[in-house]
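Spelled out from the first residue to the last, the chains are:
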Amino acid sequence: MREHSGIYPRGLWQAFALPGVVWLLLLFLVPFYAVIGVAFGGVDPIFLIPVPAWNPLDWNADSVVQTLRGFLPGGDYWAVFLRTTLYVAIALALCLLIGYPVAYYISRHAKRTKSVLLALLVLPFWVSYLMRMLAWVNLFAPSGYVNDFLAWSHILPDPPDWLNGNPVSVILALVYGYIPYLILPLLAALDRIDKSLLEAARDLGASPFRAFLHVTLPLSMTGVLGASVIIALPMFGDYYTPNIISGSPTTSMLGNQIDLFFHGGPQPAIGASLTLILSLFLAVLMTYYMHSVARATREVRDE
Amino acid sequence: MSDAVITRPVRVPSRSFGRRLRDWVANPWGKPRFLVLVTWVYVISSIAPVIIAIQFSFNDGRSLTAWQGFGGARWYWGDPVNSVWHDPALQHSLFQSLKLAGLDMAIATPLGVMLALGLARWRGRLASASNFLMLFPLVTPEIVMGVSLSLAFLNVFTFIEPSTTAQMLGHVTFSLSYVVVIVRGRLFSIGRQYEEAAADLGATPWETLRLVLLPLLMPAIFSSLMIVFAISIDDFVISQWLSCGADCDTIPIRIYSATRAAPLPSINALASIMVYFTLGAIGISYLVYRLMTRGEKPARGGARSMVSEMGAFDV
Numbered sequence: 001m002r003e004h005s006g007i008y009p010r011g012l013w014q015a016f017a018l019p020g021v022v023w024l025l026l027l028f029l030v031p032f033y034a035v036i037g038v039a040f041g042g043v044d045p046i047f048l049i050p051v052p053a054w055n056p057l058d059w060n061a062d063s064v065v066q067t068l069r070g071f072l073p074g075g076d077y078w079a080v081f082l083r084t085t086l087y088v089a090i091a092l093a094l095c096l097l098i099g100y101p102v103a104y105y106i107s108r109h110a111k112r113t114k115s116v117l118l119a120l121l122v123l124p125f126w127v128s129y130l131m132r133m134l135a136w137v138n139l140f141a142p143s144g145y146v147n148d149f150l151a152w153s154h155i156l157p158d159p160p161d162w163l164n165g166n167p168v169s170v171i172l173a174l175v176y177g178y179i180p181y182l183i184l185p186l187l188a189a190l191d192r193i194d195k196s197l198l199e200a201a202r203d204l205g206a207s208p209f210r211a212f213l214h215v216t217l218p219l220s221m222t223g224v225l226g227a228s229v230i231i232a233l234p235m236f237g238d239y240y241t242p243n244i245i246s247g248s249p250t251t252s253m254l255g256n257q258i259d260l261f262f263h264g265g266p267q268p269a270i271g272a273s274l275t276l277i278l279s280l281f282l283a284v285l286m287t288y289y290m291h292s293v294a295r296a297t298r299e300v301r302d303e
Numbered sequence: 001m002s003d004a005v006i007t008r009p010v011r012v013p014s015r016s017f018g019r020r021l022r023d024w025v026a027n028p029w030g031k032p033r034f035l036v037l038v039t040w041v042y043v044i045s046s047i048a049p050v051i052i053a054i055q056f057s058f059n060d061g062r063s064l065t066a067w068q069g070f071g072g073a074r075w076y077w078g079d080p081v082n083s084v085w086h087d088p089a090l091q092h093s094l095f096q097s098l099k100l101a102g103l104d105m106a107i108a109t110p111l112g113v114m115l116a117l118g119l120a121r122w123r124g125r126l127a128s129a130s131n132f133l134m135l136f137p138l139v140t141p142e143i144v145m146g147v148s149l150s151l152a153f154l155n156v157f158t159f160i161e162p163s164t165t166a167q168m169l170g171h172v173t174f175s176l177s178y179v180v181v182i183v184r185g186r187l188f189s190i191g192r193q194y195e196e197a198a199a200d201l202g203a204t205p206w207e208t209l210r211l212v213l214l215p216l217l218m219p220a221i222f223s224s225l226m227i228v229f230a231i232s233i234d235d236f237v238i239s240q241w242l243s244c245g246a247d248c249d250t251i252p253i254r255i256y257s258a259t260r261a262a263p264l265p266s267i268n269a270l271a272s273i274m275v276y277f278t279l280g281a282i283g284i285s286y287l288v289y290r291l292m293t294r295g296e297k298p299a300r301g302g303a304r305s306m307v308s309e310m311g312a313f314d315v
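Chains as they are written, first to last, in the working numbering: chain A, 1 to 303; chain B, 1 to 315.
Keep in mind the hints are simulated off the structure, nothing from the lab. Here a beta-carbon is modelled for each residue, glycine too, at the ideal position from N, C-alpha and C. Hints are supplied without guarantee of correctness; some may be wrong.
What the hints assert, rightly or not - Coverage of chain B stretches by chain A, computed from C-beta distances (three or more under 8 Å per stretch; other residues unrestricted):
1) 74-87
2) 103-115
Said to hold, decoys possible - SDA-like, lysine to any residue: derived pairs with alpha carbons at most 20 Å apart:
3) Lys99(B) with Cys244(B)
4) Lys111(A) with Val38(B)
5) Lys111(A) with Lys195(A)
6) Lys195(A) with Ser107(A)
7) Lys114(A) with Val275(B)
8) Lys111(A) with Gly283(B)
9) Lys99(B) with Val38(B)
10) Lys114(A) with Gly283(B)
11) Lys114(A) with Ser45(B)
12) Lys111(A) with Val41(B)
13) Lys111(A) with Phe34(B)
14) Lys99(B) with Trp126(A)
15) Lys195(A) with Pro101(A)
16) Lys111(A) with Leu35(B)
17) Lys114(A) with Arg33(B)
18) Lys195(A) with Pro32(B)
19) Lys114(A) with Trp126(A)
20) Lys111(A) with Val122(A)
21) Lys99(B) with Asp87(B)
22) Lys195(A) with Gly165(A)
23) Lys99(B) with Tyr286(B)
24) Lys111(A) with Pro32(B)
25) Lys114(A) with Lys99(B)
26) Lys114(A) with Ile47(B)
27) Lys114(A) with Cys244(B)
28) Lys114(A) with Val41(B)
Please put together the full structure from these sequences, using the hints given.
Listed below in structure tokens is the structure:
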């Protein structure tokens, strides 16, 4: 590969990148440092507003330690943390259980219907998340279509209240809300698998099921992980879904807790500590995803 | 679908519907029948609720759960008090959403295109660091960005109050990376040979950029505009955390606060308008995209590549 400094003047690309990088430094990195500053800061005794500590030497770890202690079994956030993890885990499992067969079918078997199915798959992407939740609330309202159907068909003659503190509907709503974001990357990953490997397995006498188990499934694992991370991250920070679908503290997630400390209570230092702890908890997932994206980018660039 | 089957020369003796149904019941796991079933059930159930919600935006009565007949545009503009057009709060949120999306498109797209060009071609340690920084907003949960931006405007950039400006800055920050990913993907796929040819033929760097690279990037720039529009108009979290109150309410914020408070079909009408806008935008962008990538190899320029470019995941 030839070095291309010849075409363009030196420093041109740096100059191009500069405004965007400065923007991200000022409006992404500095704000994140503001969270750290507030979390490790104090509170003005008279006005009860947070006084952020910018200098690490002035840091006061009281709120952070207090918040961290809440995550221990029996602490204030233990139940919420457990619930959040449980909801996300169940929702993720359901998403994969539904999403994998769908992505697999579209990638492998759909022929004439492929473009129609693709368009239908992308469609929920373009309908606002809140709109889809509103639709869900309409359907599951006490006199909505779902209960009408359940009562009419005698499946459940006395249908439950879906919308007030029902964890089942919160989990189902999470699945409904996030599954489109899982299927598309999964589909892309399945599409990338070299079909000749599968043919080789079949030629060597593997049954279709064994070929799937020993070729397709392992090769799609990176895609499964990536897609799972893509939806797990926003699910961990979700607070609007439980609020819209349930609105009850019995189904509140970590995001609701953060929301509460900023929009309900006068303790931004605790809210900032919670945000910080959530980010650190998710850092593993974030780093994994960014590394895989960076690797993919390098492969494309250097091919 | 069935027409296509009939007009094609039929080689396999066609089996009756009843026979096929019996085969299915006898062995639902044979061939990919099970997969077909899962796929179509999923696809239909993912879209049906939205269609029903749109249906209720045309309800003649005030109910969101019982169909009382087709009421035309009552909840759009017919009702003199409660329709989207005549309820000041709903009307304002519609314009606020459009205003933010417009500002976001106007700022994030050029900024992102430049950043994509810079990051794709600038090598070195600082470049890798910037690249990493660019990827962060894509993976950070929105609530973390919302909290950090609102704390930054409260404690660091104190001259920016919660306002439309603050919301706009937030929107640009999270949509910037999508533009970069889309444009960079296109940049890699077109390679450098066109620019080299232009330079060899005596074009100045400025001419190469403007007359060769920019036109080649146009489809990606166009997809970016559409993506930015869609994610900005869809955004709830950032808009809410940087909101200045009722005057900053966007459509998603309106929906959020209305759902738990016995809403009227006008809220469905508002949400449906948003769907019409985005669907219109995709329709236009699909046509323009087809027009722009005319003559390219279908593997790169077809609808599939637009899907993956717009999904922004297939880096």
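Hint check results:
{"no.": "1", "hint": "74-87", "in the structure": "violated (count 0)"}
{"no.": "2", "hint": "103-115", "in the structure": "holds (count 4)"}
{"no.": "3", "hint": "Lys99(B) with Cys244(B)", "in the structure": "15 Å, holds"}
{"no.": "4", "hint": "Lys111(A) with Val38(B)", "in the structure": "16 Å, holds"}
{"no.": "5", "hint": "Lys111(A) with Lys195(A)", "in the structure": "15 Å, holds"}
{"no.": "6", "hint": "Lys195(A) with Ser107(A)", "in the structure": "11 Å, holds"}
{"no.": "7", "hint": "Lys114(A) with Val275(B)", "in the structure": "24 Å, violated"}
{"no.": "8", "hint": "Lys111(A) with Gly283(B)", "in the structure": "23 Å, violated"}
{"no.": "9", "hint": "Lys99(B) with Val38(B)", "in the structure": "40 Å, violated"}
{"no.": "10", "hint": "Lys114(A) with Gly283(B)", "in the structure": "19 Å, holds"}
{"no.": "11", "hint": "Lys114(A) with Ser45(B)", "in the structure": "18 Å, holds"}
{"no.": "12", "hint": "Lys111(A) with Val41(B)", "in the structure": "18 Å, holds"}
{"no.": "13", "hint": "Lys111(A) with Phe34(B)", "in the structure": "16 Å, holds"}
{"no.": "14", "hint": "Lys99(B) with Trp126(A)", "in the structure": "18 Å, holds"}
{"no.": "15", "hint": "Lys195(A) with Pro101(A)", "in the structure": "17 Å, holds"}
{"no.": "16", "hint": "Lys111(A) with Leu35(B)", "in the structure": "13 Å, holds"}
{"no.": "17", "hint": "Lys114(A) with Arg33(B)", "in the structure": "15 Å, holds"}
{"no.": "18", "hint": "Lys195(A) with Pro32(B)", "in the structure": "17 Å, holds"}
{"no.": "19", "hint": "Lys114(A) with Trp126(A)", "in the structure": "19 Å, holds"}
{"no.": "20", "hint": "Lys111(A) with Val122(A)", "in the structure": "17 Å, holds"}
{"no.": "21", "hint": "Lys99(B) with Asp87(B)", "in the structure": "18 Å, holds"}
{"no.": "22", "hint": "Lys195(A) with Gly165(A)", "in the structure": "47 Å, violated"}
{"no.": "23", "hint": "Lys99(B) with Tyr286(B)", "in the structure": "23 Å, violated"}
{"no.": "24", "hint": "Lys111(A) with Pro32(B)", "in the structure": "12 Å, holds"}
{"no.": "25", "hint": "Lys114(A) with Lys99(B)", "in the structure": "36 Å, violated"}
{"no.": "26", "hint": "Lys114(A) with Ile47(B)", "in the structure": "17 Å, holds"}
{"no.": "27", "hint": "Lys114(A) with Cys244(B)", "in the structure": "45 Å, violated"}
{"no.": "28", "hint": "Lys114(A) with Val41(B)", "in the structure": "15 Å, holds"}
Violated hints for the displayed structure, listed by number in ascending order: 1, 7, 8, 9, 22, 23, 25 and 27.
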